[in-house]
Amino acid sequence: SQQGEEDPQALSIQEGENATMNCSYKTSINNLQWYRQNSGRGLVHLILIRSNEREKHSGRLRVTLDTSKKSSSLLITASRAADTASYFCATRVETSGSRLTFGEGTQLTVNP
Amino acid sequence: GAVVSQHPSWVICKSGTSVKIECRSLDFQATTMFWYRQFPKQSLMLMATSNEGSKATYEQGVEKDKFLINHASLTLSTLTVTSAHPEDSSFYICSAPLLATGELFFGEGSRLTVL
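Line by line, the protein sequences are chains A and B. For the first sequence, the numbering used here gives the first residue as 3, with consecutive numbering after it. For the second sequence, the numbering used here gives the first residue as 4, with consecutive numbering after it.
This is chain B alone, in the form it adopts within the complex (with noise of 0.2 Å):
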């Protein structure tokens, strides 16, 4: 079946550091990915619509500045968390689309922690 990889699943930082996560589709190309959030105890939370070759698509409240999405080839979009601060700790989930069935496959996800 298809794979998501994300990376890494746990970071810790400091306060006004920056973050990366990646998403990658192992064995299948994906022209869209989807990055959520979730705090302990919640529902995923649809934060932005990663487009390969152009600007993700940000939901209603999510700050684009904040929260940077870069989606520069078909297996690999990555998040960036800059300037982090304590309130922005939470579990982040990506996923990405099998475009023949529709089915969407997630990573694993990737708790930061920001102190």
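Same shape as in the complex, but just chain A (with noise of 0.2 Å):
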């Protein structure tokens, strides 16, 4: 079964507003990560946030954590026309060594 599911699937916004997306996950993990995909390219790395940590920033992102209901965000403020990517979460397992697995992905178009 897919590790992460994010909703929403798809997020359309206005540049300026704020774009959270959502990711669930099933077992218990060691950290999830946050990376966005611009189309046709590779992943670049956003954020980590480790299983004991609930909240995490960097620039203009912000990731939260809730193990108990094994869920995590992710907040960008302050969208931009150039934010317009696939986001996705990736969790890691405390067996699974580097090994990750990602969800389905939030498709986010900010819009000039």
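Simulated from the structure, these hints should not be mistaken for lab results. Mixed in with the good hints, there may be bad ones.
To be verified - A short, non-exhaustive set of chain A residues, derived as facing chain B with CB atoms under 10 Å:
id : residue
1  : Q39
2  : R43
3  : T103
4  : F104
5  : G107
Stated by the list, open to error - Pulled from the structure, derived: some chain B residues nowhere near chain A, Cβ distances all over 10 Å:
id : residue
6  : H10
7  : S21
8  : V22
9  : Q32
10 : K58
11 : T78
12 : V117
Glycine included, C-beta positions come from ideal geometry on N, C-alpha and C.
Build the complex: two chains, separate frames, hints provided.
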């Protein structure tokens, strides 16, 4: 079964608005990571949050993790047209080493 | 930062031919590399874990004879799609972990189109 499920599948907002994407997972994790993928390109690592952390910030990004609900959220504040991309959460299970399991992704479109 | 290079970035081939995709860690050593497959508008699905000096570990449902993986050095892993068919057309992405931090670095991907 897919470890990470994300919602919404697609999100369209206006520049300047905030974008929130959610991710749920099923098993215990070591950490959860968020990645960005521009169309037809590789993945870019955005932020990592460990299982003992609840919130983390990086620039305009804010990630939360609720291990009791097995869920995480990614908030992008003051969005820009250049933020248009697919965003994936990925979980690292405690016994999986470096192996990551990816969620289905959220396609974010920021309209200028 | 660490860089993973993937080559070719795109390839078009005829049905029945074999295609090799290379994944290189440019400024760090990687005893393990991961190969993913991604269909349009879908997520990344892990195909196999490439292990330097030993056999790759394949995910359930992935044909090891179809997708040959070789990890002959600490900086290079190759994926060969043998006897390719149109249904093998996909975006293939590799990644390698930086052991010091555990962070995964991804190649830019290789788009395979089988005619």
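Do the hints match the structure? See the list:
no. : hint : verdict
1   : Q39  : 9 Å, holds
2   : R43  : 6 Å, holds
3   : T103 : 7 Å, holds
4   : F104 : 5 Å, holds
5   : G107 : 5 Å, holds
6   : H10  : 12 Å, holds
7   : S21  : 23 Å, holds
8   : V22  : 18 Å, holds
9   : Q32  : 14 Å, holds
10  : K58  : 16 Å, holds
11  : T78  : 16 Å, holds
12  : V117 : 17 Å, holds
No hint from the list above goes unmet by this structure.
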